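Asks: As a plain string of letters, each chain reads:
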Amino acid sequence: MHELPVVLDIIRVMDEEAEKNKIKKINKISLVIGELSSIIDESVQMYFEVAAKGHPCEGADLVFEHRPAMLRCQSCGKKFPHTRDFQCPDCGGDSILIKGTGREFYILSFDGQ
Amino acid sequence: MEVIIMKELLEGNEKLAEENRKYFKQRHLLAVNLMGAPGAGKTTLISAIAKELKDIPVGVIEGDISSSIDAENLEKQGLRSSQINTCGECHLDARVIRDGADQIDMHDGIVFIENVGNLICPAEFDLGESVRLLAASVPEGDDKPFKYVPMFSYVDVVALTKCDLKEAVGFDSDNFVKGLRAVSEAPVFEVSLKKNEKAAGIDTLARFLREKYEQM
Chain A
1 MHELPVVLDI IRVMDEEAEK NKIKKINKIS LVIGELSSII DESVQMYFEV
51 AAKGHPCEGA DLVFEHRPAM LRCQSCGKKF PHTRDFQCPD CGGDSILIKG
101 TGREFYILSF DGQ
Chain B
1 MEVIIMKELL EGNEKLAEEN RKYFKQRHLL AVNLMGAPGA GKTTLISAIA
51 KELKDIPVGV IEGDISSSID AENLEKQGLR SSQINTCGEC HLDARVIRDG
101 ADQIDMHDGI VFIENVGNLI CPAEFDLGES VRLLAASVPE GDDKPFKYVP
151 MFSYVDVVAL TKCDLKEAVG FDSDNFVKGL RAVSEAPVFE VSLKKNEKAA
201 GIDTLARFLR EKYEQM
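Chains as they are written, first to last, in the UniProt record's numbering: chain A, 1 to 113; chain B, 1 to 216.
Worth flagging that the hints you see were computed from the coordinates, not collected in a lab. Quick caveat: nothing in here was measured; it's all calculated off a predicted structure. Quick reminder that beta carbons are idealized off the backbone N, C-alpha and C, glycines included. Keep in mind that a hint or two might mislead.
Here are some chain A residues pointing at chain B (derived, C-beta under 10 Å) [to be verified]: (1) Val13; (2) Leu36; (3) Gln45; (4) Met46.
Turn these sequences into a full structure, and let the hints steer you where they fit.
Replies: What follows is the structure in structure tokens.
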């Protein structure tokens, strides 16, 4: 729901990077998005297409890499990606969220010329 | 050419949030970011806590997509308040908090920041608060910690509101706590603030906040 400020931030960072690296045209931007960051790819894409006009990153492909929140089983200790019922796939035990996981939200890289 | 940058997004908000944190600390203000779904009872909770903490000045920065109904009601009770209308935005961010704080211009006390009613987006934006308080109401259902992991894992303390409705809506407290414990160690305070009836549970929540204030 709040993808517009996110998109404006992406464009701002790309403007800075284009200038720093003397790049005129950015073709691809790779984003890493954690499951708990509440960011929807399609919304980012939609805002980006409009907001990037006139910037070096106009028309760039956005590539989304998703990272799951991770859980740890309280019975057997197994670590596994977040499931809706928080049940361990091995022993069926209850699990807890591993703090900090799934909150990633950054630009990994970009490609330009 | 490909350039690896690993650049965090929304970093601008994080920086402003740190500035807000310093501002609140310098003024000896305990900033409480109060979040919750629309209708969870956030404004009622602030009002009841302020009545419990008679000896501590309480201010409110109200965030709403529009209107100033909540701020006006709290002002009638004698609380210092400022209103931020987000004009459709689904959350408050660190930038607007400083304006709200300047308007109430308090030194020493507790400042509640009543976030926009929303169980999703406010969990993404640090405002520079010291305490993150979630108002989760019984009618929303006992499964919410399982479904809204970003929010429930983000908060420091949970007020379970409208507890007088538990039986009426078949609320399973054990399931709620089980879900919460899967994602957070936040303590839960059960409260009931039904109109024209004696408030229940608010004293222990107020005591929790008083301790946080005194520890500052």
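Asks: None of the hints should be skipped; say for each whether it holds.
Replies: Do the hints match the structure? See the list:
| no. | hint | verdict |
| --- | --- | --- |
| 1 | Val13 | holds (5 Å) |
| 2 | Leu36 | holds (4 Å) |
| 3 | Gln45 | violated (15 Å) |
| 4 | Met46 | violated (16 Å) |
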